[in-house]
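Each chain, letter by letter, is given below.
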Amino acid sequence: MSIGHAPPDISPVAGSDPVEPSPAGDTADTSPALVPVTPSSARRRSVPRWARRTAGPLLLLALWQLASTFGALPADTLAPPSTIATAGARLIGDGTLPAAMGISLQRVAIGLLLGGTVGTALALLSGLSRLGEDLIDASVQMLRTVPWVGLIPLFIIWMGIGEAPKVALIALGTAFHLYLNVYAGIRGVDEQLIEAGGSLGLGRWGLVRHVVLPGALPGFMTGLRYSLATAWLALVFGESINADAGIGFLMNQAREFFRTDVIVVCLVVYAFLGLTADLVVRALERLLLQWRPTFTGQ
Amino acid sequence: MATDLHGTVIPRTAVRVRGLTRSFDGRPVIDGLDLALRAGEFTVLLGRSGCGKSTLLRILAGLDREIEGEVLVPERRAVAFQAPRLMPWKRVWRNVLLGLPGRPERERAERALAEVGLEHRVDAWPKTLSGGEAQRASLARALVREPDLLLLDEPFGALDALTRIKAQRLVAELWQRRGCAVLLVTHDVDEAVLLADRVLVMDEGRISCDVQVPLDRPRSAGDPGFADLRTRLLAELGVG
Chain A
1 MSIGHAPPDI
11 SPVAGSDPVE
21 PSPAGDTADT
31 SPALVPVTPS
41 SARRRSVPRW
51 ARRTAGPLLL
61 LALWQLASTF
71 GALPADTLAP
81 PSTIATAGAR
91 LIGDGTLPAA
101 MGISLQRVAI
111 GLLLGGTVGT
121 ALALLSGLSR
131 LGEDLIDASV
141 QMLRTVPWVG
151 LIPLFIIWMG
161 IGEAPKVALI
171 ALGTAFHLYL
181 NVYAGIRGVD
191 EQLIEAGGSL
201 GLGRWGLVRH
211 VVLPGALPGF
221 MTGLRYSLAT
231 AWLALVFGES
241 INADAGIGFL
251 MNQAREFFRT
261 DVIVVCLVVY
271 AFLGLTADLV
281 VRALERLLLQ
291 WRPTFTGQ
Chain B
1001 MATDLHGTVI
1011 PRTAVRVRGL
1021 TRSFDGRPVI
1031 DGLDLALRAG
1041 EFTVLLGRSG
1051 CGKSTLLRIL
1061 AGLDREIEGE
1071 VLVPERRAVA
1081 FQAPRLMPWK
1091 RVWRNVLLGL
1101 PGRPERERAE
1111 RALAEVGLEH
1121 RVDAWPKTLS
1131 GGEAQRASLA
1141 RALVREPDLL
1151 LLDEPFGALD
1161 ALTRIKAQRL
1171 VAELWQRRGC
1181 AVLLVTHDVD
1191 EAVLLADRVL
1201 VMDEGRISCD
1211 VQVPLDRPRS
1221 AGDPGFADLR
1231 TRLLAELGVG
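Those protein sequence lines, which keep their order, are chains A and B.
Okay, so the first sequence: first residue is 1 according to the working numbering, each after it adds one.
Okay, so the second sequence: first residue is 1001 according to the working numbering, each after it adds one.
Hints were generated in silico from the structure; no laboratory data involved.
Check each hint, because a few of them may be wrong.
Just a sample of chain B residues kept apart from chain A, beta carbon distances all over 10 angstroms, derived [said to hold, decoys possible]:
id : residue
1  : Ile-1067
2  : Lys-1090
3  : Pro-1101
4  : Glu-1110
5  : Lys-1127
6  : Thr-1128
7  : Arg-1145
8  : Arg-1206
9  : Ser-1208
10 : Leu-1237
Part of the chain B face toward chain A, derived, beta carbon under 8 angstroms [stated by the list, open to error]:
id : residue
11 : Arg-1085
12 : Gly-1099
13 : Val-1122
14 : Trp-1125
15 : Leu-1129
16 : Val-1213
By construction, the Cβ of each residue, glycine as well, lies at the ideal position given by its N, Cα and C atoms.
Here chain A stands alone, though its shape is the one from the complex (with noise of 0.2 angstroms):
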């Protein structure tokens, strides 16, 4: 930046117009090149969003099956796509595939139904009353930090090898992430609001119902998501040990007969319905946080 002492020369060129302004001798060489401004409907329209989204995982497969068909991925290591595709259509036709498929699900669903239940009562409990935080929190917090795959041991001997013990690890660790969530959402709610609510007439009950339970929503929704990545993860280990049915006995099975196929079929299946689940939860959130503007990327 320069600093003059003549006053800066602001008098008008003659025959200027407003839209093109006239080179005015030596400042015509320090413009800058000027550069267009692109709409953003006139970039990146060639390729629509679905296809740019699948062509990642084809690409992979596509690898994946090269380098199983020129060898340099044994068949025992690791089947190749189209191997897996038809056991899995066979599995499919056999039955085998959607009974194992049904009883996961009822496990997981009874597993979160159960945990996330708990969880969220004793979320509203310590969060909303200061007398249940004092009975409550303290336990839970202390009780979240042993890990509940270390207590598997100690199911099998309480609760034998049949359903329970698996329902039961589902349950222990949903019930955490929604307790958590849900206590952090009714805490996080402005003291603003709850003033506002005071002021309006809401006694209560009203505040609990209008601005308590709304404002810890986004919480128990995240809550809702952690608790299905874990009760996925619950399921194989649950089902992993001494189970007679469901995806993770299907599974067992083929590593008892070497069937990599199988297993990556099992597999599939376990990121096919953590996906769905996921979706799930995504149109939850469209239906029940539409109130929240949200940043959609670019």
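Starting from the known structure of chain A, fit chain B onto it as the hints suggest.
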């Protein structure tokens, strides 16, 4: 009209405060305050930040009850805060009706929103409103309660200069139509002279100055007498 009422009826009292003290950690913010507001009068409470004016408003609203002394207020009173404080998870019309007893009709909210010029945003989500729109929605929410005392806590503080002028005019109009007592808390001297029947200046927890504003309405900053009053109030605030 509220101004006409004064001539025909003996002015009733909308607020009576005697010997009010409010301390934070032993330090009095309001110290033995006496105050009476007349029904239907537009009172502006001026003061520097931290002088206790917002605390007084919160006490009158019933939001702060750790007080000593006597405070009498009408049962029907409403507050509009500096931030609109709309529940983001309720559409605008549901926000307006929130807390009303019984099952109020949607039409009631529509009427209140039309009064503040927001009839086209009845179904909007609060987070999609502009600053001025949100503040008007908050005003509609206060008015739908048909208050005898309307408490405004720097309601124009967060608005841009142009929106503020419009909002000030709107409040003046609404008050003249409704005829309720208004207590507006602000640190803006021009705003006080523009809107008030009576200006109170608060300093160190007491009313240090109590002025009636005799200017005709509608007022503008160019009116004779406006500048004099402005200078005087600025001097009272220690900025003269």
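Does the claim that B/Leu-1237 lies off the interface hold, with its Cβ farther than 10 angstroms from every Cβ of chain A?
-> B/Leu-1237 clear of chain A: closest Cβ-Cβ about 27 angstroms, beyond 10 angstroms.
Please settle this one: B/Ser-1208 was flagged as non-interface, so is its CB more than 10 angstroms from every CB on chain A?
-> Its Cβ never comes within 10 angstroms of chain A, the nearest being 28 angstroms, so this holds.
Is the nearest CB of chain A more than 10 angstroms from the CB of B/Lys-1090?
-> B/Lys-1090 not clear of chain A: closest Cβ-Cβ about 7 angstroms, inside 10 angstroms.
When the nearest CB of chain A is found for B/Gly-1099, is that gap smaller than 8 angstroms?
-> holds, 3 angstroms
Could you check that no beta carbon of chain A comes within 10 angstroms of the beta carbon of B/Arg-1145?
-> violated, 8 angstroms
May I ask you to test the interface hint for B/Val-1122 with respect to chain A, counting a Cβ-Cβ separation under 8 angstroms as satisfied?
-> This interface hint is violated because 15 angstroms lies over the 8 angstroms limit.
Could you let me know if the closest chain A CB is still more than 10 angstroms away from the CB of B/Pro-1101?
-> violated, 7 angstroms
Minimum Cβ separation between B/Arg-1206 and chain A greater than 10 angstroms?
-> With a cut-off of 10 angstroms, B/Arg-1206 remains clear of chain A, as the shortest Cβ separation is near 26 angstroms.
Using 8 angstroms as the Cβ threshold, decide whether B/Arg-1085 counts as touching chain A.
-> With a minimum Cβ separation of about 4 angstroms from chain A (threshold 8 angstroms), the hint on B/Arg-1085 holds.
Should the hint that B/Trp-1125 touches chain A count as held when the rule is a Cβ pair under 8 angstroms?
-> holds, 5 angstroms
Take a quick look at B/Glu-1110 and tell me if its Cβ sits farther than 10 angstroms from every Cβ on chain A, holds or violated.
-> holds, 18 angstroms
Beyond 10 angstroms from every chain A Cβ - status for B/Lys-1127 | B/Lys-1127 is in fact no farther than 10 angstroms from some Cβ atom of chain A, at 5 angstroms.
Checked against the numbered hints given earlier, the structure breaks hints 2, 3, 5, 6, 7, 13, 15, 16 and satisfies all the rest.
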